[in-house]
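Chain order of the listed sequences is P and F.
Sequence positions in the first sequence follow the numbering used here and run 604 to 841.
Sequence positions in the second sequence follow the numbering used here and run -11 to 337.
Calculated directly from the structure, the hints in this document are not laboratory data.
Misleading hints may appear alongside valid ones.
Stated by the list, open to error - DEER-style ranges, computed between Cβ atoms: (1) P:N671 / F:N284: 44 to 50 Å; (2) F:H280 / P:Q653: 32 to 38 Å; (3) P:R812 / F:G25: 58 to 64 Å; (4) P:D801 / F:G31: 56 to 62 Å; (5) F:G113 / P:L834: 50 to 56 Å; (6) P:M604 / F:G113: 57 to 63 Å; (7) P:N675 / F:R190: 57 to 63 Å; (8) F:Q300 / P:G781: 48 to 54 Å; (9) P:N671 / F:R190: 56 to 62 Å; (10) P:G782 / F:R190: 31 to 37 Å; (11) P:G782 / F:P262: 35 to 41 Å.
As the list claims (entries may be wrong) - Heads up, incomplete: computed chain P residues facing chain F, CB under 8 Å, no partners named: (12) C664; (13) W666; (14) A697; (15) P715; (16) V716; (17) E800.
Bear in mind the structure is a predicted one, so any value in this text is a computation, not a measurement.
Note that CB positions come from ideal geometry on N, CA and C, so glycine has one too.
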Amino acid sequence: MRMLHVFGDSHVSPLHRGKQALNEAMARAGIDADFYVRQAPNWRNVRINQIGKGLRLRAVCTWEQPLNYTINQPDDIYVFSGPLHTAGLWRELAWREFCPWRVSEKFPAHHPVSDAVIEHMAEQHAGKTLEILKEVKDRGYMILVAEPPKPLKKGPAVDAIEPGVVVAVDQVYRRYIGGRLNAMGIPIIPIPDFTHEDGLTPDLYSDARPDDTHHGSTIFGTVMMKQIVQLTMGITLD
Amino acid sequence: MHSSNPPHPYSDRPERAFWSKAAAAQHVTNISGLFDGVPGLEGCKIATAGSCFAQHIGKFLKSRGLPYLDYEPGPSFLSAEESARFGYGLFSCRYGNIYTARQLRQLFDEAFSKRKPQDAIWTKGNRYYDALRPGIEPPGASSAEEIAALRALHLARVRALFSDLDLFVFTLGLTEAWVSNLDDTVYPIAPGVIAGSYDPERYRFVNFRYNDVYEDMRYFVDALRAINPNARVLLTVSPVSLAATATDNHVLVATTYSKSVLRAVAGDLAADIPGVFYFPSYEIITGPPARHMFYNPDLRTVCDAGVATVMQHFFSNNGVAEEQAAASAAPRVERGFEHCEESQLDLTR
């Protein structure tokens, strides 16, 4: 049995549900997976310790639930969800008045913001997490990052932010963190192109709760679990 | 026989005209009559620009609840420190430090399409910088296109600011500058310090003299009033010494020259042009009554108490209601900390 360990922020939950939908197919393929989810803020400042031959990750500051995760299976695959989670920035209400410079012509009443400002914020959100991921990788573990869905189509309206602004913020953020992960040699498991249109996630792949702006549906989780298995093990699940 | 002294030209001068009573006998915080104020300051839409010392003035104006204009505010998700690092909230627009009168003149002309600098984008590694405000985006940009787009949007805000303001507070900082040989564009910082590369074929040093500075400021005031006839101007001179000089002089001598020229120009403009005022922040900080106590240990930057004293003098003669003044506490001013490209000259040796 080959083992996947999927851990990280709240975007792990749809992956977990997706796995449940794929239980039989994964069992036939000789794959199992476990899941560990903690809210995003917990992962932004994690301390890492060597415990025996493994690594223990603990949140410096706990939000809602304590974070205590162990990585100790060098032959398994670890898939992390977190650094490409952009909602923490694009949901900022400042985007009602500001926009990335690239779309400033479409939003002349908005103040333009440089890519560097967005990249700075992305670094503030994800920088420490990236350091931890690099340490895990440098200790010889196979670790990859799963991309979360693009902002949900209904998302911008929930926060009364222009969709074009949200999409542009999301793009800059993902490109920057993607570049950082690439430079560290940590692969990204990308979302399939068909799960988004014009930079937003259509309802089919979106969490059905009306106030949820950024999580994927079980269908999205199923698609992503297939993608994870395909890209990490070369196995296509039916 | 007892006879009174015969009258002489100083007989009826007010007390503030006499050093012994008005300066030597007074603690600097008690000196009065330094500034006659700006009539009708309350209600004025105020904008600031200039060298790093001017940043303090804007912060205090905001804290006093005066209608301070900020036409390029920072997004609220940035902390105050992050905002300042990206050039937000330092002045009324995000133009960074405007150290010289020539910079101010060319900014105005560029904003109103009277000039277009030819060498306006510098690089450092694979990053691009706005050469005319290289400090506002510390990481730089990934493309020249971004710099050009952000500058065009910035200039639109500058145009609006100059058109809307009632009082423009400008702090004259330096006479020394680096100039493009292509079109005489003046930069806030020498090429190579933050970005760009120094090439004597492309850039030259200039130390503006009295006539240059006076003419540039006069040009600016006239141009400003051509688009905003009721605009008034309040001039100050930065008491912050030069971080470094490109002249052959000792930096202390160079500082004295630079500040002397700027102080003389500011005073003459105030004397020559109605609606132009001079506020003596320079004298408050550098004058003997202060006994140099308002400088930080670097003997260059001004400490919190100095800034507070300057602003106390500013408000005490401007009719700003006490209750309005007391309504908000003085803003937190990082000790000796302004965003100052020029200070980097000390760090690049």
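Here's how the hints hold up against the structure:
1. Checked against the hint of 44 to 50 Å, the pair N671 of chain P and N284 of chain F passes, with Cβ atoms roughly 47 Å apart.
2. Under the hint 32 to 38 Å, the C-beta atoms of H280 of chain F and Q653 of chain P, about 55 Å apart, miss the expected range.
3. Separated by about 60 Å at the C-beta atoms, R812 of chain P and G25 of chain F satisfy the suggested range of 58 to 64 Å.
4. Taken as a hint, the range 56 to 62 Å is violated for the pair D801 of chain P and G31 of chain F, whose Cβ atoms sit roughly 48 Å apart.
5. At about 33 Å, the beta-carbon gap between G113 of chain F and L834 of chain P misses the expected band of 50 to 56 Å.
6. Checked against the hint of 57 to 63 Å, the pair M604 of chain P and G113 of chain F fails, with Cβ atoms roughly 48 Å apart.
7. About 59 Å separates the C-beta atoms of N675 of chain P and R190 of chain F, a value consistent with the hinted range of 57 to 63 Å.
8. Q300 of chain F and G781 of chain P have their C-beta atoms about 52 Å apart, which keeps the hinted 48 to 54 Å range intact.
9. Look at N671 of chain P against R190 of chain F: about 59 Å separates their beta carbons, and that is inside 56 to 62 Å.
10. A hinted range of 31 to 37 Å holds for the C-beta pair G782 of chain P and R190 of chain F, which are about 32 Å apart.
11. For the pair G782 of chain P and P262 of chain F, the beta carbons lie near 57 Å from each other, so the given range of 35 to 41 Å is not met.
12. Restraint check, C664 of chain P versus chain F: the minimum CB separation of about 17 Å is more than 8 Å; hint violated.
13. For W666 of chain P, the interface hint is violated, the least distance from its beta-carbon to any beta-carbon of chain F being 18 Å, above 8 Å.
14. Interface restraint check: A697 of chain P against chain F, minimum CB-CB distance 4 Å, threshold 8 Å, status holds.
15. Checking P715 of chain P against chain F: minimum C-beta separation of about 5 Å stays under 8 Å; hint holds.
16. Given the 8 Å rule on beta carbons, the hint for V716 of chain P holds: about 6 Å separates it from the nearest Cβ of chain F.
17. Given hint, E800 of chain P at the interface with chain F, is violated; its Cβ is 26 Å from that chain's nearest Cβ, farther than 8 Å.
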